[in-house]
Every structure is written in structure tokens, then in C-alpha cells.
Amino acid sequence: MATKTVLQLNKVERSYEDASGKLVILDKADFTIGQGEMVALVAPSGAGKSTLLHSAGLLERPNAGEVMLNGQECGQLSDDDRTAIRRNEIGFVYQFHHLLPEFTALENIMMPQLVQGLSPKQAKERSAQLLDYMKIGHRASHRPAELSGGEQQRVAIARAVANAPRLLLADEPTGNLDPATAGYVFDALEALVRQSGLSALIATHNHELAGRMDRRVTLIEGKVVEVTAG
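For the numbering used here, count along the sequence shown from 1 and bump the result up by 10.
Please note: incorrect hints may appear among the correct ones.
[Unchecked claim] Simulated pairs of lysine-lysine, DSSO-like, Cα-Cα distance not exceeding 27 Å:
# : residue 1 : residue 2
1 : Lys14     : Lys38
2 : Lys233    : Lys32
3 : Lys21     : Lys32
4 : Lys134    : Lys145
5 : Lys233    : Lys21
6 : Lys14     : Lys32
7 : Lys14     : Lys233
8 : Lys38     : Lys233
9 : Lys38     : Lys21
[Unchecked claim] Okay, the calculated beta carbon distance ranges per label pair:
#  : residue 1 : residue 2 : range
10 : Gly46     : Gln132    : 37 to 43 Å
11 : Gln82     : Leu110    : 28 to 34 Å
12 : His152    : Lys131    : 29 to 35 Å
13 : Lys131    : Thr13     : 34 to 40 Å
14 : Val34     : Ala155    : 24 to 30 Å
Worth flagging that the hints you see were computed from the coordinates, not collected in a lab. Here the structure is a predicted model, which means the values were calculated and not measured. Cβ coordinates follow ideal geometry from the N, Cα and C atoms, glycine included.
Construct the entire structure; sequences and hints are all you get.
Structure below.
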């Protein structure tokens, strides 16, 4: 049975104007990710990883080309429509956790669910389940400053999937962590993705973690290129 396509980029172009002229970041870039796939994005700094993630996540509108999410062209939608799709269909994890410091771990995970319209009771129950799944249920009442770096990032991952998105985009999610903690956090992330059937595109410099994913891609002269094993 063919895997359902969740995200497809068709001839996506993204460029910026600076003092020296036009700077092309993505040049007719094509990329596809199927349901349940984990894809590693490995490329040197400055190659355009963040631009690719921002375009795929509807944070930036491409200059040309299509961003297809679940068969719908989304790249050229209005800001409001793209915001609604991001809220319901896409989860984001960054190198820094970006948790709200005045709220507990549980409350941080509840926030996107409350925005989506869930009742406080429903949001609290799901948030507690996610914290348990990430093996930090005992830290639910702690604020971010009271958590370790690995715990903060696991809370951020739980928050990213709180609304059951179909696509998870992560930009160096273990980049600020020591190797042992990075491995532990990635274990939790991988288990969550595999169990839920999420599609995940994860930018990382960690080749060991990249090797554990289904595929690896890189960016060469603005194009997405598959990396063969070996």
C-alpha cells in the first residue's frame, strides 16, 4: 500500500534582497514526506535549513512554487488561513524550548489546546498523559526554570504535539544538550513519532541521530537532495 503524502514541496523558491542583490536560498526545491516518516535534514549552517522548515511550516510564504499539506496548496493562503493550519496541523520544536516561564510544565502543554477550544479538563488530562509518555509526569507542577535542559525540551516536544498535528518540524531539537541527554530526548521524540504516526522533518547536525531516521536529505545549491546511506 502506498504511503499517504503529508507534505509536498513543488518547485519552491525563496529568495531575499540584500545590499548586494538577490540572495537565493531555495531554488525550485522539491521534497515529499509520507505519513509516519521521520526524515533527517542535515546540511551545513547557512545552507537554508531554517528557510526550508519555515516554508514547510507556513511561517514564510514562498516566492514561487507550491507547499502542499495533506493535498491542499497552503503556501499562498492568507495569513489567517495559514495560522489556522499551523495551529491544527503542524507542530514545531526549536533548539531553545521557548516555554512560558511563568507557567508550569503542565500549563505550557495545555495552552495550545485551550486556544484550539478544548475544555480545561480535557486539556489537563491530555497534557498529563503526554508528560507521562515523555517520562516526566512527576515534573508537571514545575516551572521551566526548575527543569533540566532535557526536561525542558521534552516538555516542548509534548507541547508541539498537544493538538495531534500531522506534521512535526524540528530545528536542532537536541542542539543545546550534551550527548547523553540528547540521546535520551531523541529516544522520547522517536517513540512519540512512531507511536502516533506523525510525519517528522528534523534538522540536526548529529549524524548518529540522523542515521536512526527513515531517510536523510540535505540542501545543495537551494535544492533538496537525498543522502544515500554509507
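Checked hints:
1. Lys14 x Lys38: holds, 23 Å
2. Lys233 x Lys32: Within the cut-off at roughly 17 Å; holds.
3. Lys21 x Lys32: holds, 18 Å
4. Lys134 x Lys145: Distance of about 16 Å is within 27 Å: holds.
5. Lys233 x Lys21: holds, 9 Å
6. Lys14 x Lys32: Roughly 36 Å separates the two Cα atoms, so the pair is violated.
7. Lys14 x Lys233: Holds. Lys14 to Lys233 sits at ~23 Å (cutoff 27 Å).
8. Lys38 x Lys233: holds, 7 Å
9. Lys38 x Lys21: Roughly 4 Å separates the two Cα atoms, so the pair holds.
10. Gly46 x Gln132: 37 to 43 Å: The hinted range 37 to 43 Å is violated for Gly46 and Gln132, with Cβ atoms some 26 Å apart.
11. Gln82 x Leu110: 28 to 34 Å: holds, 31 Å
12. His152 x Lys131: 29 to 35 Å: This hint is violated: roughly 21 Å between Cβ atoms.
13. Lys131 x Thr13: 34 to 40 Å: Holds: the Cβ-Cβ distance is about 36 Å, inside 34 to 40 Å.
14. Val34 x Ala155: 24 to 30 Å: The hinted range 24 to 30 Å is violated for Val34 and Ala155, with Cβ atoms some 41 Å apart.
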